[in-house]
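Enquirer: Each chain, letter by letter, is given below.
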Amino acid sequence: MSDNILEMNHITKEFSGVKALDDVNLKVKRGEIHALCGENGAGKSTLMNVLSGIYPFGTYSGDIVYNGEIVKNHSIKDSEKKGIVIIHQELALSPYLSIAENVFMGNEQTTMRGVIDWTQTHNRAQEMLEKVGLDNENLDAPINSLGVGKQQLIEIAKALAKKVDLLILDEPTAALNDEESAQLLEIMLKLKEQGITCIIISHKLNEISYVADSITVIRDGKTIETLEKGKDDFSEDRIIKGMVGRELTNRYPERTDCPIGDVVMEVKDWNVYHPEDANRQMLKNINIKVRAGEVVGLAGLMGAGRTELAMSLFGREYGQKITGEIYMHGKPVKIKSVKDAIKNKIAYTSEDRKTYGLILINDIKWNMTLAALRDFFSKNGVANTNEEVLAAEKYKKLINVKANSINQTVGSLSGGNQQKVVLAKWMMTEPDVLILDEPTRGIDVGAKYEIYCAINDLAKAGKAVIVISSEMPEIIGTCDRTYVLNEGQIAGELSKEELSQEKIMKCIMQHNSKKGA
Amino acid sequence: MEKKKTVNLSMKQYGMVFALIAIFIIFYFMTGGNNATPMNMNNLIMQNSYVVILATGMLLCVLTGNIDLGVGSYVALCGAIAAKLVVEQKWAIPLAFLVALLVGVAFGVFNGIFIAYLNIPPFVVTLAGMLMGRGLTYTLLASKTVGPLPDNYVRFGAGFFLTKKVPFGDGHIDIVCIIVAIIATLLIIFSEFKNIKTKQKYGFAIVKPWQTIVKLVVILGIVWFFFYKLARYNGIPIVLIIMGVIVGIYHFITSKTVAGRQIYALGGNAKAARLSGIDTKKVFFWVYTNMGFLAAIAGIVLSARNASATPKAGDGFELDAIGSCYIGGAAAAGGVGTVIGAVVGAFVMGILNNGMFLVGLSTDLQKVVKGLVLLGAVTFDVLSNKKKN
Chain A
1 MSDNILEMNH ITKEFSGVKA LDDVNLKVKR GEIHALCGEN GAGKSTLMNV LSGIYPFGTY
61 SGDIVYNGEI VKNHSIKDSE KKGIVIIHQE LALSPYLSIA ENVFMGNEQT TMRGVIDWTQ
121 THNRAQEMLE KVGLDNENLD APINSLGVGK QQLIEIAKAL AKKVDLLILD EPTAALNDEE
181 SAQLLEIMLK LKEQGITCII ISHKLNEISY VADSITVIRD GKTIETLEKG KDDFSEDRII
241 KGMVGRELTN RYPERTDCPI GDVVMEVKDW NVYHPEDANR QMLKNINIKV RAGEVVGLAG
301 LMGAGRTELA MSLFGREYGQ KITGEIYMHG KPVKIKSVKD AIKNKIAYTS EDRKTYGLIL
361 INDIKWNMTL AALRDFFSKN GVANTNEEVL AAEKYKKLIN VKANSINQTV GSLSGGNQQK
421 VVLAKWMMTE PDVLILDEPT RGIDVGAKYE IYCAINDLAK AGKAVIVISS EMPEIIGTCD
481 RTYVLNEGQI AGELSKEELS QEKIMKCIMQ HNSKKGA
Chain B
1 MEKKKTVNLS MKQYGMVFAL IAIFIIFYFM TGGNNATPMN MNNLIMQNSY VVILATGMLL
61 CVLTGNIDLG VGSYVALCGA IAAKLVVEQK WAIPLAFLVA LLVGVAFGVF NGIFIAYLNI
121 PPFVVTLAGM LMGRGLTYTL LASKTVGPLP DNYVRFGAGF FLTKKVPFGD GHIDIVCIIV
181 AIIATLLIIF SEFKNIKTKQ KYGFAIVKPW QTIVKLVVIL GIVWFFFYKL ARYNGIPIVL
241 IIMGVIVGIY HFITSKTVAG RQIYALGGNA KAARLSGIDT KKVFFWVYTN MGFLAAIAGI
301 VLSARNASAT PKAGDGFELD AIGSCYIGGA AAAGGVGTVI GAVVGAFVMG ILNNGMFLVG
361 LSTDLQKVVK GLVLLGAVTF DVLSNKKKN
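So the protein sequences, as listed, match chains A and B. Once you know that position 95 of the first sequence is 95 in full-length UniProt numbering, the rest is easy, because the numbers rise by one and skip nothing. Once you know that position 344 of the second sequence is 344 in full-length UniProt numbering, the rest is easy, because the numbers rise by one and skip nothing.
Worth double-checking, as some hints may not be accurate.
Said to hold, decoys possible - Over 10 Å on every C-beta distance to chain B, these chain A residues come out as not near it, computed from the model:
1. Lys131
2. Leu189
3. Lys192
4. Glu276
5. Glu308
6. Glu317
7. Ile342
8. Tyr356
9. Ile359
10. Lys460
11. Gln489
To be verified - In silico DMTMM-like links for lysine to aspartate or glutamate, alpha-carbon gap of 25 Å or less:
12. Lys201/B <-> Asp170/A
13. Lys241/A <-> Glu276/A
14. Lys197/B <-> Glu387/A
15. Lys281/B <-> Glu207/A
16. Lys208/B <-> Glu276/A
17. Lys281/B <-> Glu351/A
18. Lys284/A <-> Glu254/A
19. Lys201/B <-> Glu276/A
If you are wondering where the hints come from, they were derived from the structure by calculation, not from laboratory data. Just so it is clear, the structure is predicted and the values come from calculations on it, not from any experiment. Don't be surprised by glycine CBs; every beta carbon is placed ideally from N, CA and C.
Using the sequences provided together with the hints, build the complete structure.
Expert: Shown next as structure tokens:
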């Protein structure tokens with residue numbers, strides 16, 4: 001008999017008649033790292049919410065056997081008492097409280113009378129931080145002074161402080177760059193050595209095949225299969241096959257019949273300083289151009305200045321003391337606001353669609369027409385709501401937004417469909433240049449494919465597209481030409497033929513050493 | 001698949017209207033019909049007109065996710081300025097009104113600059129405005145009441161539009177009122193038909209015919225009940241015209257114009273709105289400037305109705321206006337709400353006040369009831385939204 005720390009048997013969970021989970025089985029061995037894979041909406045998070053007591057006992061059917069006993073969790077507190085801790089995708093940290101306070105949030109170290117024991121708080125916080133590799137942090141610094149990668153590690157430290165046996169990580173690396181992700185995965189392996197069992201939910205399949213001991217694939221609320229390391233094929237293609245139910249032979253659709261035309265936008269000698277620190281130069285002498293029908297990649301590590309470049313070009317939404325010139329179709333243009341940028345046919349979709357891209361409480365229709373309303377759907381300041389409806393219906397069909405109607409609120413859509421709405425919003429402004437910042441962040445394989453198809457269609461329609469991405473395979477799979485950014489400068493330019501992950505990294509390394517010399 | 005050509009009427013937006021009617025009917029029985037007398041219907045309009053005007057402007061502030069605490073004070077100050085100029089300086093009334101309106105706008109601009117361009121929280125800026133406005137009013141009036149105001153001034157608060165009374169039943173009836181009601185009926189029916197026609201032209205689904213008819217009957221029923229009562233009294237109050245025009249304009253702005261959409265977008269997600277090309281600072285600035293303007297109008301109407309200006313005028317109006325917006329379905333977090341909702345909310349409060357007064361409930365207890373109604377309406381709204389999701 002193998003020793004299972006957790007068995008979830010025949011779990012079924014319904015939401016007003018719709019089965020989100022249908023007879024799901026999950027067996028997790030003690031001390032392993034178990035990955036949960038599936039497309040968005042497949043039911044992974046629902047399953048974890050059942051386990052952690054967010055959906056209390058009685059609202060689902062089936063058994064949860066933990067450490068050999070059937071458990072009935074009525075709340076998160078119940079499951080935490082048993083050593084099950086879940087870390088959600090959205091971080092649960094209080095930004096202005098100190099690191100030490102956050103580590104023990106909800107689990108305060110107190111004396112007998114409920115007064116916080118600061119000495120113990122500090123000592124134990126230090127202990128926990130060492131476990132996650134953050135030895136040299138100032139415990140009294142506010143959390144928001146740390147980057148998102150370190151914040152994620154603090155979340156883990158917080159879980160460790162609760163004497164965790166089973167740690168659940170929901171998309172822990174979604175917001176992290178490659179380096180930070182690697183660090184987090186190493187820490188997971190270290191925790192495994194200490195006997196902590198982990199369940200990880202992630203869309204980053206390369207990470208899963210690296211770190212996991214077994215993988216359970218869920219599709220449409222049903223368990224499809226469980227793969228085990230050493231026994232089964234652990235390749236990304238194999239996992240994807242389980243997730244989508246068919247072989248996705250090419251994750252990046254081919255772009256054919258797409259002649260590359262004249263230069264549409266050219267940026268010359270672009271210099272930008274940090275918005276709050278006038279002496280800190282964020283971008284130095286950037287020169288780039290994009291042609292019609294061309295997809296150009298902006299690659300680089302987190303902090304290289306890719307988003308900063310895009311936002312500074314897009315109506316100077318980032319930075320100060322900006323110098324340099326933008327040429328559209330060979331003519332210099334003055335772009336001082338987002339309105340100017342839209343007028344000059346530039347569009348930008350943010351890497352953070354929920355904060356900067358969408359109005360979540362509004363419906364699909366209003367979100368889609370927001371940027372184009374003034375110029376395309378109104379006359380003398382009066383909106384033509386009927387044309388608006390027609391356009392929204394058209395784009396919903398065109399890029400396949402899965403929703404009941406255009407009157408559905410955007411907040412209720414899955415990540416992939418939200419991203420499509422953002423894309424439609426900017427397609428409606430009829431731009432010549434689209435800058436797509438992390439267009440597939442946090443969305444599933446199927447939706448990614450559709451976004452790539454949409455990018456291809458845009459290029460075919462003669463648009464110039466700039467793709468910013470932290471996922472190098474994505475850059476390699478979609479771009480005709482790529483600029484590598486490093487520390488605010490262009491470190492190199494690679495054609496499609498010479499583009500590879502090694503080449504990109506080499507560009508960055510060489511640039512670093514040149515600067516060091 | 002054949003596309004559905006008819007849909008059900010969305011009932012959510014009419015919920016408060018039914019509550020309004022229900023409250024009115026309850027008080028009808030409690031007061032033995034006293035709240036439906038022609039005179040009382042007229043009073044309802046006159047007593048609530050300034051709150052309705054303020055609620056219209058306040059809705060825009062609420063849509064941005066904020067409030068304006070100073071409106072009660074601006075009302076007092078603007079009323080005091082107009083009254084003082086007319087009574088003590090013997091200025092022509094239009095000129096005095098113009099100055100009062102300019103002062104209101106100036107207050108709004110002042111707030112707008114601090115809120116939009118200096119990024120000071122609206123709560124703080126308008127709290128300061130509340131104190132300053134009240135203080136200036138007391139100073140200006142030397143803590144005394146100015147009055148009485150001339151008839152031509154008082155007309156704007158307590159006067160009536162052209163009337164042509166003819167004997168009817170045990171009293172009289174105003175023909176102008178009836179003509180206006182007929183015109184309104186035709187306009188409502190015409191616009192409904194036009195609406196259906198455009199929808200058909202675009203191939204959109206239309207509301208089921210019987211539901212449209214029920215809706216029209218209810219709306220027209222209210223209109224006729226109302227105008228009939230006014231006709232039996234003194235005709236159309238001038239404040240009703242002022243109020244109607246303001247509500248009409250702002251309803252149009254919020255529901256049909258780009259500017260209106262920008263306010264909703266700002267309230268829903270300011271960052272996303274900015275990155276969609278909306279000048280959010282400008283929107284903030286105009287919303288608060290506009291509030292000053294409407295507060296000035298309310299101030300003039302209030303002083304006219306009281307035939308005097310007192311330093312305590314408009315005390316607590318900001319809370320009535322804010323409450324009206326919330327009762328009318330606006331969200332405290334911003335981005336949700338309608339002008340019509342705010343107007344209905346204002347009348348819910350007004351009918352409650354009036355009914356409780358007629359029943360003889362003490363003013364102290366009236367406040368308790370109003371508090372409960374506000375809390376209940378918003379709780380109902382929040383819970384029913386939650387259920388939907």
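Enquirer: Could you run down the list of hints and mark each one as holding or not?
Expert: Comparing the hints with the structure gives:
1. Lys131: At roughly 36 Å from the nearest Cβ of chain B, Lys131/A sits farther out than 10 Å, so the non-interface label holds.
2. Leu189: 38 Å, holds
3. Lys192: 38 Å, holds
4. Glu276: 14 Å, holds
5. Glu308: 14 Å, holds
6. Glu317: 7 Å, violated
7. Ile342: 5 Å, violated
8. Tyr356: For Tyr356/A, whose nearest Cβ neighbour in chain B is about 5 Å away, the distance does not exceed 10 Å, so it is violated.
9. Ile359: 4 Å, violated
10. Lys460: Consistent with the label, Lys460/A stays out of reach of chain B, its closest Cβ about 26 Å off (over 10 Å).
11. Gln489: 25 Å, holds
12. Lys201/B <-> Asp170/A: 49 Å, violated
13. Lys241/A <-> Glu276/A: 48 Å, violated
14. Lys197/B <-> Glu387/A: Measuring from Cα to Cα gives roughly 15 Å; hence the hint holds.
15. Lys281/B <-> Glu207/A: 44 Å, violated
16. Lys208/B <-> Glu276/A: With Cα atoms ~57 Å apart, Lys208/B and Glu276/A exceed 25 Å; violated.
17. Lys281/B <-> Glu351/A: Holds, at roughly 24 Å.
18. Lys284/A <-> Glu254/A: 34 Å, violated
19. Lys201/B <-> Glu276/A: Since the Cα atoms of Lys201/B and Glu276/A sit roughly 53 Å apart, the hinted pair is violated (cutoff 25 Å).
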